[in-house]
Amino acid sequence: MALLTCDKCEVESKDEEEVYPSGQTKTSTIRDLTQEELGRLRSERTLVSEFKQMKLEKEAQKNWDLFYKRNSTNFFKDRHWTTREFEELKACREFESQKLVLLEAGCGVGNCIFPLLEDDLNIFVYACDFSPRAVEFVKKNPLYCPERCCAFQCDLTKDDLLENVREGSVDVVTLIFVLSAVHPDKMKLAVENIKKVLKPGGIILFRDYGLYDHAMLRFKSGSKLGENFYVRQDGTRSYFFSKEFLAKLFEEAGFESVSNEYVLRETVNKKEGLCVPRVFLQSKFTKTAHSQSS
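Start counting the sequence shown at 1; every next residue gets the next number (UniProt numbering).
Hints are computed from structural coordinates only; laboratory data are not their basis.
No false leads were slipped in.
Below, in silico cross-link-like pairs of lysine-lysine (DSS-like), each with a Cα-Cα straight-line distance of 27 Å or less: (1) 224 x 69; (2) 224 x 158; (3) 284 x 248; (4) 62 x 158; (5) 55 x 69.
Please model the entire structure based on the sequences and the hints provided.
What follows is the structure, encoded as structure tokens:
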């Protein structure tokens with residue numbers, strides 16, 4: 001897949017997240033930046049105005065709805081790598097025929113849940129998304145079956161998940177390229193909301209943009225909203241996580257860290273002679289047995 005030009009970096013960052021080759025490295029340390037990259041980050045000091053930031057927050061749902069209106073179900077690739085990277089999707093059962101209850105928080109158009117439903121007959125999936133249009137695409141998918149999947153619209157930062165999911169009933173929650181789209185000030189609200197439906201000892205499987213990912217370094221001047229937080233040209237936003245920030249976020253919400261690593265890999269465009277460094281954060285957090293839902 002060809003990389004897009006610099007003025008389309010917001011599209012590239014969404015599309016490239018789905019490419020998952022075997023050539024990767026997991027590490028506890030952040031990648032080193034070149035002098036050019038350091039200079040680029042240091043030169044970007046001006047933040048988007050407070051008025052525009054408030055407007056972006058207010059229109060966040062609309063902007064994601066427009067994204068799915070433009071791209072339908074054709075933009076992201078199905079995530080067939082989740083069971084390979086997150087063995088808990090298969091291994092956390094006490095016995096083979098046990099039905100696993102999963103919440104896909106931020107399901108998009110179903111690129112994660114439908115491969116799982118096809119591959120595992122003993123799974124029930126709750127699937128929610130910020131965008132009503134995305135949820136409708138999920139429900140129209142030929143693989144959608146109400147006996148095995150319940151899709152609903154939800155703003156994780158303010159809509160109570162208990163309206164659709166029973167308290168303490170979920171074994172596994174997947175948060176894959178979702179939390180980065182939430183304003184950093186509201187991330188804890190989303191995590192605490194998820195905690196209410198997760199069983200004690202249940203696990204959150206997390207994968208998202210890591211600090212110094214190529215997409216972060218390619219944002220143009222005038223895109224910065226705050227520390228490690230940027231807006232794309234289409235109005236959608238993206239935060240780039242450090243492992244320290246993420247660990248603190250989940251620990252303050254009553255979770256214990258199981259693993260928390262950077263995934264480093266390169267995307268090569270042979271035609272253009274480009275080698276692009278990608279950085280993701282892949283983590284697992286469990287709800288402590290003594291943790292009580294607020």
